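> Residues per chain are reported as follows:
Protein chains: 2
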Amino acid sequence: MSAALQPHAPPSPDNGALCLVRTLVAQGVDTCFANPGTSEMHFVAALDRVDGMRCVLGLAEGIVTGAADGYYRMADRPAATLLHLGPGLANGLANLHNAKKARSGIVNIVGDHATTHLALDAPLTSDIVAVATPMSHWVRSARSVEAVADDGTEAIRQASARPGRVATLILPADIAWSAAPDDASAQGASIDRLRAKPLDTAAVARAADAVRRGPTTLLLIGDRALRHAAALWAGRIAAKTRCGLRSDFFCARIERGAGRTVVPRLPYAVDPLLAALGDYDRIVLAGAKAPVAFFAYPGKPGVMSKPGCEIIELASPEHDLEAALAALAGAVGATAADTAPLAQRADTAAMLADGDLDSPGIARVLTALIPENAIVVDESLTTGRSFDGMTVNAAPHDWLTGTGGSIGFGLPVAVGAAIASPGRKVVALEGDGSAMYTPQALWTMAREKLDVTVLVFANRTYKILLGEFANVGAGAPGARAYDMLSIDRPALDFVQLANGMGVEASRAGDLRSLTDQLRSALAMQGPRLIEVLVN
Amino acid sequence: MSAALQPHAPPSPDNGALCLVRTLVAQGVDTCFANPGTSEMHFVAALDRVDGMRCVLGLAEGIVTGAADGYYRMADRPAATLLHLGPGLANGLANLHNAKKARSGIVNIVGDHATTHLALDAPLTSDIVAVATPMSHWVRSARSVEAVADDGTEAIRQASARPGRVATLILPADIAWSAAPDDASAQGASIDRLRAKPLDTAAVARAADAVRRGPTTLLLIGDRALRHAAALWAGRIAAKTRCGLRSDFFCARIERGAGRTVVPRLPYAVDPLLAALGDYDRIVLAGAKAPVAFFAYPGKPGVMSKPGCEIIELASPEHDLEAALAALAGAVGATAADTAPLAQRADTAAMLADGDLDSPGIARVLTALIPENAIVVDESLTTGRSFDGMTVNAAPHDWLTGTGGSIGFGLPVAVGAAIASPGRKVVALEGDGSAMYTPQALWTMAREKLDVTVLVFANRTYKILLGEFANVGAGAPGARAYDMLSIDRPALDFVQLANGMGVEASRAGDLRSLTDQLRSALAMQGPRLIEVLVN
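First to last, the protein sequences are chains A and B.
The letter at position 137 of the first sequence is residue 137 when you use the numbering used here, and the numbering goes up by one with no holes.
The letter at position 348 of the second sequence is residue 883 when you use the numbering used here, and the numbering goes up by one with no holes.
Just so you know, not all the hints are guaranteed correct.
Distance condition first, Cα-Cα at most 25 Å in a straight line; then the derived SDA-like pairs of lysine to any residue [unchecked claim]:
#, chain 1, residue 1, chain 2, residue 2
1, A, K306, B, L653
2, B, K824, A, D121
3, A, K449, B, L653
4, A, K300, B, D662
5, A, K289, B, L653
6, A, K197, A, E313
7, B, K984, B, S1055
Some chain B residues flagged as far from chain A (calculated, every beta-carbon gap over 10 Å) [claimed, not checked]:
#, residue
8, H648
9, P876
10, L887
11, G1008
12, S1041
In case anyone wonders, no lab produced these hints; they're calculated from the structure.
Treat the numbers as computed from the prediction; the structure is a model and nothing was measured.
Just so you know, even glycine gets a beta-carbon here, dropped at the ideal spot from N, CA and C.
Pulled out of the complex, with its shape left as it was, chain A reads as follows (with noise of 0.2 Å):
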């Protein structure tokens, strides 16, 4: 601790909180996600003395941090989250944990007890370096008053790198009260952002090799591969040389519909998986990771490229890779004159004719009515399970899906999402089971009268669970695990549930009311919820 620290002293017009809040705005980081405590007061404080903070409270941490992944995949820039000691950075774990896997930047601010208070083991203590390490790029706590808007700027660098890091700084509740002293109101160094790696050409001649043998080549695109521009090339490299293109299935952020290139996700299940990959003799990854079984499953593989698939990387997200696209593209003779498969446009008076309420016929609906420049966030699980190629020639928009595959991602990323993108529409699935996770979240879209559809499948089990069960070889559920699997008793009421948090709903029970209520959803501003019961 450094000895201008002043644990006991009064505070200071200018004190550690404060030189942290303005080293954040100073940086760029102007949204802050927060559920505070006692130790982040001064924090919570200096908001009344620094302009240009956007603040949003959430009620439990896990609405906090999904919020902070949402909002970087839509805006690209990390915002902050304001977590309290090691329990409340716990309760936030798992969608910081979706964040890592989606390579999203998040500056998380944690207090700690004052350093004087750590050693007296009082009950709200725990190790906070140890709780953050598992799901964070880089850990600091701040060493002193002078050194906070340094240790802030370094948070911001490491979140701010080219892919996003999760960086959690831990701000010790003295350090945040104490006098800074006039030099450390500065607001940190400025930051080189996005330093993408150079590319590498002896990977675009190996790629370039492997495209040209045509479709026992595989371009698999991932990460910033799969926005508009970047996909754009890989669409051409296609058409060009007839590889195959996919990207993964699990995707942070797909710019997709009319007007853009065709890029099939990858399956979910094995089975379809490896048969997805079987064509391929060769894999170019671009941004994506060579494809392996989200479980193991007795008796199947883990690598889902068929046995001596030879996986050649072009460039990975440390890379620009639209820049490793289009010279993958030179380097095939691919120009913009090469006919991309680019999506057309329903026909939406087709879509919306009658039929079940089932998959595709909810598919057709969402194809239909997905307002342009709309963001679906797709926590759909088994009813979406197939929504990829079933509403490819929806209007221009984005669809954001599941990366680390930890549940309850879906609402939070909603309100991030929502709050990074001030005009647009967004459109969240989900399942009724992952619903439950952070339903908290509905209540941060009214709060903050975001403007979100949300589309609750109601089947009333964890029915990936079901399939699950066979695939692992469990054989049938008997009645006590079939108990564990179904969530019937009692029926959760979503309309009830956003109600209770503010936000308007109603129940839909066929298509033709999916159709009418979505409608009438999508064409007003703010949080609109339906519960869809399906089976």
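Starting from the known structure of chain A, fit chain B onto it as the hints suggest.
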């Protein structure tokens, strides 16, 4: 990994998961709070084949771990939890923190990917040992299918120690599904459960010297010294020697009410706590820790006993605290003939006189209506800050408070306490802010038809933080800071939230309706919620 492990074999009749469930049941761990996923499906399947395990589903992992804490507090033996990989465990860590501080024994079973799958770094992969470590006393990844019964036995032994410990056993999916050799189906060695540490006779003598000094000595009791039989001895010692008698503010379980020794809890806030301890030159500890401030505050001490105060430890939670207090009573000549200050039953009619819906009014209603042998779980924070003294003349009951300071323990602990104590009414006292960390517990109450009455005190602020904002020297909150401390926009409707999860509910806006609604809730069987509009 063991040579006998069969990662790709079909499931066998006896597999690792079955061995583990058999071991748990054989060792008396017959209750499992669960939120399973794919990697736990073989554990779930085993429930169909092993009798004697009650498995209780929670919709979020904080419910699961908090319920295991509440179960231990009432049953004095551990329950198991079943959690899904690193993120599932992470979601349960905050309530494991509380359980650890409550000294509750818990056996966490956390599924992991198959050992063969970890190297592939699939999306759900994380370092589960690292996630578990900060909130566990003991962590092990099951070593092999042959050893899993022994690993489980060791976890149960750890959790069953005195005091209880949080033991986390990670169960890789291939160990769960692989065929168990015949001799691995054994259920582990028998466990020596309650190995109390032998009493230190020199400590008894030192403590006796101290309490003989009378009113300048405080006998501070905690942990199982707060059970009726032990507290009776403490009361006799205080009656005989005129020493002070108090408990910590945070208590896992206090047996109190009419006919029990009055053991006032120390105050929470620093100034009253300093005042309460200002008369004491010596503090004798029996299962309690030397008092420290919950948080550090500028200009205030962290150690709460007066300077120079001597701390004498009679016994810790590792000892048999009833025996320790009996020994101390013997040493000072206090016998059953000494007049212990037992609480008297209040005059119910006087308690139920009309009045304002404020903390004293609510406390009078509770004093009149808490049923005999009820279990009160108290997470009422600001509203209930003074309930301790005000409800001392209620019918005899148990009172369970927060222990680790992490908010969101109340409703889950009520679930676990109800399951551990059939036939006893549970009354959960919740703040509105705290209720929203783990509201999903209401669904488990409805599903299991638990006999829990929940009072939510809706002041629509994080009122505790309004006080703390000033306490840490941040002055008065401005508009932006205040926005982070208030939860009135939109107002939460707990009647709809409860109904949405299958729990009957009503709202009380004055003391008369609170009395009527509480009386009706206590007269029925099953869960019931009352939203109490307070200021």
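> Please go over all the hints and tell whether each is borne out by the structure.
Going through the hints against the structure:
1. A:K306 - B:L653: Given pair K306 (chain A), L653 (chain B) holds - Cα atoms ~19 Å apart, limit 25 Å.
2. B:K824 - A:D121: 10 Å, holds
3. A:K449 - B:L653: Distance of about 42 Å is beyond 25 Å: violated.
4. A:K300 - B:D662: Since the Cα atoms of K300 (chain A) and D662 (chain B) sit roughly 24 Å apart, the hinted pair holds (cutoff 25 Å).
5. A:K289 - B:L653: 15 Å, holds
6. A:K197 - A:E313: Holds: K197 (chain A) and E313 (chain A) sit about 14 Å apart, inside 25 Å.
7. B:K984 - B:S1055: Status holds; Cα separation ~17 Å.
8. H648: Not fine: 6 Å to the nearest Cβ puts H648 (chain B) too close to chain A.
9. P876: Fine: 28 Å to the nearest Cβ keeps P876 (chain B) off the interface.
10. L887: At roughly 30 Å from the nearest Cβ of chain A, L887 (chain B) sits farther out than 10 Å, so the non-interface label holds.
11. G1008: 4 Å, violated
12. S1041: Correct as stated: the minimum Cβ-Cβ distance to chain A is 14 Å, above 10 Å.
Comparing the model with each earlier hint shows violations of hints 3, 8, 11; every other hint is respected.
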